[in-house]
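Trainee: Protein sequence lines, in the order shown, are assigned to chains A and B. Counting in this note's numbering, the first sequence tops out at residue 499, every number present. Counting in this note's numbering, the second sequence tops out at residue 1133, every number present.
Please note that a few of the clues may not be correct.
[Stated by the list, open to error] No more than 20 Å apart at the CA atoms, straight line, and that leaves these computed lysine to any residue pairs for SDA-like:
no., chain 1, residue 1, chain 2, residue 2
1, A, K98, B, W1067
2, A, K30, B, W1067
3, B, K1061, A, T21
4, A, K25, B, N1066
5, A, K413, A, L463
Hints listed in this document are in silico derivations from the structure and should not be mistaken for laboratory results. Keep in mind that this is a model prediction, so the values were computed, not measured.
Below, each chain spelled out in residue letters.
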Amino acid sequence: MIPLITAIPLLFAFTIVMLDTLRVKGAPIKAAFLLGAVLPAGVPLLRNGTEVVGGWSREAGIEVGIGEVNGPFIAGELILFTAVAIYSLSYFDFRDRKTAKALALFLLIHAGLLGAFISLDFFNFYIYMEIASVGAFALVAFSEEPGSRRAAFKYLIPSLLASYMFIFAVGLIYMETGYLNVDIVAEAAIPSRELSAALGIAFASLLLKAGIFPLHGWLPDAHSVAPTPASALLSGAVVKAPAYGMILLFSALPLGEAIKTVGMAIAAASIFFGIAMALLQRDAKRLLAYHTVSQMGYVLLGIASMNFTEAAYYAMAHSIFKGGLFLGIGSLGRKSRKLGEFGYRGAPVMAFSVLALSLAIGGVSPFIGAYAKGLISSGLSGNWSLVVPLGTVGTLVSFTKLNHYLLKGSPGKLRTAWKLSTSALAVAALGLGIYLGAKVKPADFIYLAVSAAIFLALRELGLFDREIKAKPAEVGREINVLTAVFVSVMLALLLLQRP
Amino acid sequence: MKMSTVVRSTTKMVSPFLVTYAAYLMLYGHLSPGGGFQGGVILAVAVILLITSHGYQKVRKRFHFNWASLMESSAGAMLVILGLVGLAFGAFYSNFLPIEGGVILPFNVIVGLEVGAAFTFVFYILLRWVESD
């Protein structure tokens, strides 16, 4: 029963390609797309627990399940994809021959992500993560914007390299333990050099695929030039699949203290680096992309402190608010994405949604961000617990800047479906926060006041007039740099684990 | 670009045997080395050989681009449906057929069609850039 969650979107993806080849246009393709997007949500409602595909034994088969750890990932993906599906039906032009192919790619990403999230098996996880990635590369290249092919290539090559290193590490795990099933590997694994090597290699590759500093180089380009619904899906859900992989990895293999500390350090660095770069951006979608680097740091913080369920709730929260922000900002800034040239003046629904989602990403209660941040910080001890409040203030400063510029301009023509999907995600962020039990806290007003003061001080200093505009180097050279950083991170992770 | 008469007649003679061999690999994949993927690749090779020796323009008249696309997507859908039928017998992809190898035989044949069509399809798309043949 559980495999149906990925079989349904796959079936409808093939159906769309078939209908497209037979030159069927319009309504049947839209219907197939919506069915493929929405029907999988029925599966978690009907059944959870674990099962083995085809009824084989656990050792021989592929185990899948919906449980405590991956439930939030699945819920976040399903909520986000429904909004993205409604948005993209009115975003794409259905007279264009290419539209049906884009919709099939969306469903392929949907199937890949859900398949990765339900799997409790390393190889199955890898396959489905790759299906989602291949859809993502193609959708980035699909954009009409200048530089989209370049961004897609810069995303494709490092990501494929990371995938090959990951499958090599899975091979090492199989060689050492004889199993691929996560639970059985956890029982069979005895600490050894081979398993430490596998852990280091796989962890470094998943860091690259999740876009965490210092391996984030491909992310801002790819996420900012993709078509708006694709950006929302890439930022909200595709980077979560590697995060789930890290959870599988950390729960199966013997870990040393060193790798946990390094993970926490990388997470903290990622949080503050993302905020610093976001403060220096004038391109609205690029600003949001750097916030993805920052927010993935929180997810890694939860994973490295071994609080897997907490990290999963943060991932769900991030799917909802970051997806909503991308949909909102993307539809406001159709003509220009430069801050100050567009905004939400005269569009109250959009204004409230973007404001609510900004508060949610800043971790202000009673939005879901506050609940998830509370979970993450409750698992931290010592100086590490300072990271979350400092990151909260930084994020709030950056989003004060965004809203400050958005107040000035007015949007172009907004379609009803765009308003609907953005505000639905805003309502979901609020509703889930209240449902899960986030209460209004007085401390949040202090955070808001501090961040407003910092914002004013920075504006007086003239920070927001500056902009980091990286001169686009030759794409091959950029890929070389990314690869060099990737290899050095991998070597560092390997050497750190020496007994 | 057309190749010499020797190459053209040889490929014409070899191609039917390749298709037979591909069918053998798909149908006996559950008993002997082979299987759907390998069979499918050889199926695609039969078409690709004809294209390289006779030229794209001529082969395209027999093996339409849309046929490859249609075969690929319908084989993909059939694979999922095969799994869904298993649901009626207990589990997704349960081994319900009472023949030797169970569902592996139809599975191999469908995978062969899927892979063969997909490789031909990819080759056609790549050839669009060298269409001036």
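Trainee: Please flag the earlier hints that this structure goes against, numbers listed from lowest up.
Mentor: 2, 5
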